[in-house]
Structure formats: structure tokens, C-alpha cells
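Visitor: What follows is each chain in one-letter form.
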Amino acid sequence: AQSVAQPEDQVNVAEGNPLTVKCTYSVSGNPYLFWYVQYPNRGLQFLLKYITGDNLVKGSYGFEAEFNKSQTSFHLKKPSALVSDSALYFCAVRENNAGKSTFGDGTTLTVKP
Amino acid sequence: GAVVSQHPSWVICKSGTSVKIECRSLDFQATTMFWYRQFPKQSLMLMATSNEGSKATYEQGVEKDKFLINHASLTLSTLTVTSAHPEDSSFYICSASDGSGTDTQYFGPGTRLTVL
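Which chain is which? The protein sequence lines are A and B, in order. Sequential numbering of the first sequence, starting at 1, is according to this note's numbering. Sequential numbering of the second sequence, starting at 1001, is according to this note's numbering.
For reference, chain B alone in the conformation it holds in the complex (with noise of 0.2 Å):
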């Protein structure tokens, strides 16, 4: 199957940095990248879509300046948390997929965010 990788895995920062996350397709190109948001025990939240050349569409209650995304090639996008707080802890995972219309989601194996 198609496989999605994230980097890096864990990440521990200072409060007030930025930090940048990687979700690269690897064997695929991903029209079509999303970033979600998933705290202990819950489900995922989603919280933007991104598509290759275009700015990200974020849902509602998500901040755009505090989470640029950028999905500069059909490979690779990027969610970078600026800022950060120890609010912003969390489980962050992508996915993507290749726009076919009856595609499947696949995700990547996550970032765990860390905030000091």
C-alpha cells in the first residue's frame, strides 16, 4: 500500500518556538494532503486540507497564523506550529491521498509534540 512518512517522530520545544513538521507521500503523489490533531483517547480532529499549489483550507476554530501549512510539492507538505505553548502539546498525524475521486486516506505514523 501507499505510505505516508512523518518527521520528525517526537518532538520536545521550548515555549515561544516554532516548530516544523514533515509529511512526505512516498510512493505516491498527493494532490491532496490533511493535517489532524488528536488528543489522548479521542478522535481525530481535523484541522485543515491542503492541496499541492494552493493555500490550506482550515476548519473552523483553527488558527492559520499559528499553524502555516504548506504543501509546496505533490509530495510534501509541511504544518509548522509557531509560537508554541504547552497547550499545543499534542499528537499531530497527516495524511494524504492521490485525488482519484474513491481514494483512500493514508495516514502517516504521527508527531508527538511536546511543549515546555
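Isolated chain A (complex conformation) (with noise of 0.2 Å):
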């Protein structure tokens, strides 16, 4: 069975400081891993996602994740927060080509100006 933990249901940041929102899972083969943004009353929008080859994977809006197998985490990161980046984010992880992805329980994220 697959599952994914996001620890934080809060992440408070300033505008201008770096991010980081914690996902760690748990699959039995490989896992494809993926971030979603929502707004709120709006559906989910993909950030990025990682299938294989390069751990570092770059996504919309200067987002970018991190895959550690070893740690089994993929920590969605950005460098420098904004106000808009506010919203409830959410981790989702599959195994292989299962079909059916698991999302965690979202962290939502407020930045403060």
C-alpha cells in the first residue's frame, strides 16, 4: 500500500524568505511523487512532479522539490517566498503506473509580508 505524511499542517514564512513544505511517503516499488497548489474554492494545479533521473526537479512559479529515496522524502522548496504563494499544498504519490495517486493531508502555507 502507498501512503504520504505532510507533518506540518502549518508553514508560516515571510515574504522574501526561503520555504520549505515537508512530504515524506511510503510505496513498496517506485514511486512517482507530485506537488499541488489550491486556491482557495478552486481545484488543484500541478507544480512539478518526479518520475526519475535527476533528484532536483524544477516546477511552475520557481517551485522546486527535492526527491531523497534514502529518507523517502520530496520536500517541495522555493528559494524566496511570496505573499501569493499563500494557499494549502498538497503531496500526492503513486506507485509506478498503479493509476490511482495518494495525497497527503496538505500543509497550508501563509506567507506574511
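For the record, the hints were derived by calculation from the structure and aren't laboratory data.
In the DSS-like style, the derived pairs of lysine-lysine whose C-alpha atoms are separated by at most 30 Å in a straight line are: (1) A/K100 - B/K1064; (2) B/K1041 - A/K49; (3) B/K1041 - A/K112; (4) A/K100 - B/K1041; (5) B/K1041 - A/K77; (6) B/K1020 - A/K100.
Assembly of the complex is requested from the two constituent chains, each provided in isolation within its own frame, with the hints serving as guidance.
Guide: Rendered as C-alpha cells:
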């Protein structure tokens, strides 16, 4: 069975500071990992994904994530946070080509000016 | 990127009536579509997976006779909430993928259902 954990319900950072939203996963095979962002009353927007290759993945809006196999983590990062980055972030994992993704509980990111 | 639309964006209905929500992939063919339900400040709960031309696969605990899913074409899937009750009020989100193996799920904007 696959699972994903986002250990922080809430992350607060000041504008201009780096941000990290944590995600750890568990799968029995090779993981496909995804990050999505959700703004209020909206659907999820795709940010980035890791399938294979370089462990550092760059995505939309200046976000990046690093795949760490030994720590089974896929933390989302951004060097300089913007107030507009404030939203709900979801990490998701899929085992190979299973077709069904498991989502974390979400982390609310608040960036203060 | 790929675009997925949902209609309506919000709907209010009386208890006992049925409501149909449409999910469309606008610029790609979606071999697989997923329907999720999201409660306030909670994660997405997968309700069912639908593949074009075949019956949907429902997750455990989801009543297939209450939540009817039809995936009649490669660009359209519908979710019908039958005999809706206030406890069915929720945010329903669909997603679509092109089934290419390493595909990404692209999400619709969601439909807010309120049952009075």
C-alpha cells in the first residue's frame, strides 16, 4: 500500500525568506511523486513531479522539490517566498503505473509581508 | 498545460433531487478520470476512477448507486449525485490523465454542491 505524510498542517514564513513544505512517502516500488497547490474554492494546480532522473525537480512559479530516496522524502522548496504563494499544498504519491494517487492531508502555507 | 473544466462551478438543490456534474478535458484525451470529494480544510478523498467506455471503479465505502459515474467519451465524464441529502454537500473535484504511464493528473476547478 502507498501512503504519504505531510507532517505540518501549517507553515508560516516571511516574504522573501526561503520556504520548505515537507512530504514523506511510503511505497513498495518506485515512487511517482507530485506537488499540487490549491487556492480557496478552486481545484488543484500541478506544480511539479518526480518520475526518474535528477533528484532536484524544478516546477512552476519558482518552486522546486528534492527527491531523497534514503529518507523517502520529497520536500517542496522555494528560495524566496511571495505573499501570493499563500495557499494549500498537497503532496501525492503513486506507485509506478498503478494509476491511483494517494494525497497527503495538505499543508497551509502562509507568507506574511 | 492541459485544461480540465467542470460544470457547474456551484449548485444548490433541494433534498431528494439529483444533480449532475460534468468534467471535460479540453485539449487532450482523457483515458482515465478521477472523482474526488473534499471537505473543508481536508484532503481529497478519492471516490471513483472511471475509464472511457467501461464501468467506474468505486473506492470502498462509496455507494455506486448514489454516485453514478459515466465516462462516455475521451473528453467527458459525469458524476450524478442521486437523491441528494444535506450530508452530500461538499466540494467535488474531478481530474483527468491521458494514461501515458508517467502522466500527471490535471484537476478541474471543482463544483461546490449545497443540498438544502
